[in-house]
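Asks: Chains as they are written, first to last, in my numbering: chain A, 1 to 84; chain B, 1001 to 1314.
Some hints could be false.
As the list claims (entries may be wrong) - Computed, partial: chain A to chain B, Cβ under 7 Å:
id	residue
1	P18
2	I20
3	L61
4	R73
5	Y79
6	C80
As the list claims (entries may be wrong) - If you want the ones that stay clear, here's a sample from chain B, every Cβ over 12 Å from chain A, calculated:
id	residue
7	G1097
8	Y1112
9	R1179
Hint data in this document are derived by calculation from the structure and do not stem from the laboratory. Idealized CB from N, CA, C, for every residue including glycine.
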Amino acid sequence: MCLSGIIRSVATLGPHLPAISRDELMGELRRRRITLVDVLSPESFSSTHLPGAINLPVADLAGRAGAVLPDRRTPIVVYCGGPT
Amino acid sequence: MSLLQELGYTNVRHYPGGLAEWNSLEPSQGADAPSHRAGRGVAARFEKSSRSLRLIDALSDQTVGELFWLWIQIVLLFGAMYWLIDWLPGQTLVSNGAPVRPNGWGFLSALYFSAVTATSVGYGDIVPAGATRLLAIAESVAGLIIFGCVVSKFVSRRQEQVIGEIHRIAFEDRLGRVRTNLHLVRTELVAAAASCEGHDIPPPAATARLESIAMIFVGELHAVHDLLYRPQQTPDEAVLEAILASLASVFREFNELLRCVHAERAERRLPLQSSLEAMSRLAGEICGDCVPRQYAPALRTWMDQIQQAAREIA
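Turn these sequences into a full structure, and let the hints guide you.
Replies: Structure below.
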């Protein structure tokens, strides 16, 4: 998953997840239809994050996702530091 | 991040631009965008409070030069207004008891009064009368706000320099510590492997030693993970490569020691088992979706090795 993941993310955007562009994201945020998830570290989140995002570091994803995002059908957009 | 899908979330999308793309856009564009209002919960409250301060935000986004130019413009605008008001009897500026006349000298006096008011000096040689007082108050408030912004700019610039320097030192310090600790873990692993192969220590002692090494190693993996996910600072490629190389070799040694200490999995005790799980998870994340793109081609050999070793451990 490491090697192939990186090659795929360089070639396309993200390994498995459908991508969303900035404009689409802004539209969705405006209509309040999605939950924005910042998967970076809490330090990074406290210094800067996208408006309205919640912080769910990758390391805690498995442990905390259920508590933070109880509805598994809720539309989610995840992001990290930059192009991956 | 595809972990979310594995956790059962069905409607997950990925914003590939991330913070870098979002922040690369003009600050005013971002601040005015209605998306800023789309926050939820705590974040939404923060957004709301910042909305009321949008004027201050807009001012602090300006450079010092732009703020100075704005100040000059205010002085000129208000000077012109004082001069125009001089045409109205009873509302004029008063200099030494006599009203300022609406002529060329009067215009200079009005500009002078405007500058004195905007700097909030107020010599008192020219004083406003009537409606001009309101203008003077408005001008001095505007001048004070702009001056405050300029001063805060100077102060925060210095602070940002200092904080940046502190961050850099702490980051390099941490990098150095991670490298040293990885080396120590590896040395310890090699020593443990040698004594295991030579049957110098009984199996329970070897297991205890393995457990403690595993715990320290998991701590180091956490540190590497943090270093990679901190967007403000990114380590040099050479440094990162050195860290990944030693990570890969530690993983290799660890696998060998694991094979030597106990052949069958059933013997693994709980602390060791949880350390091993944490190890393999962290390795997956270190080599996962969020590693900065510029590193990917040069470092993928090491990442691949680490991934493979982590899979073997799991």
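Asks: All hints, please: hold or fail.
Replies: Evaluated hints:
With 7 Å as the threshold, the beta carbon of P18(A) comes within range of chain B, its nearest partner Cβ sitting at about 5 Å, so the hint holds. With a cut of 7 Å, the hint placing I20(A) at the interface with chain B holds, because the nearest CB-to-CB distance is about 5 Å. Hint status for L61(A) relative to chain B: holds, with the closest Cβ pair at about 5 Å, below 7 Å. Proximity of R73(A) to chain B holds as hinted, the smallest CB-CB distance being about 6 Å (cut-off 7 Å).
Look at Y79(A): its Cβ gets to within about 4 Å of chain B, closer than 7 Å, so that hint holds up. Annotation: C80(A) was flagged as interfacial toward chain B, and the flag holds, the nearest CB pair being 4 Å apart, inside 7 Å. At roughly 58 Å from the closest C-beta of chain A, the C-beta of G1097(B) stays outside 12 Å, upholding its exclusion from the interface. Interface exclusion of Y1112(B) from chain A stands, the closest Cβ pair being 45 Å apart, more than 12 Å.
With a cut of 12 Å on Cβ distances, R1179(B) stays outside the contact zone with chain A, its closest approach being about 20 Å.
Of the numbered hints stated above, none is contradicted by the structure.
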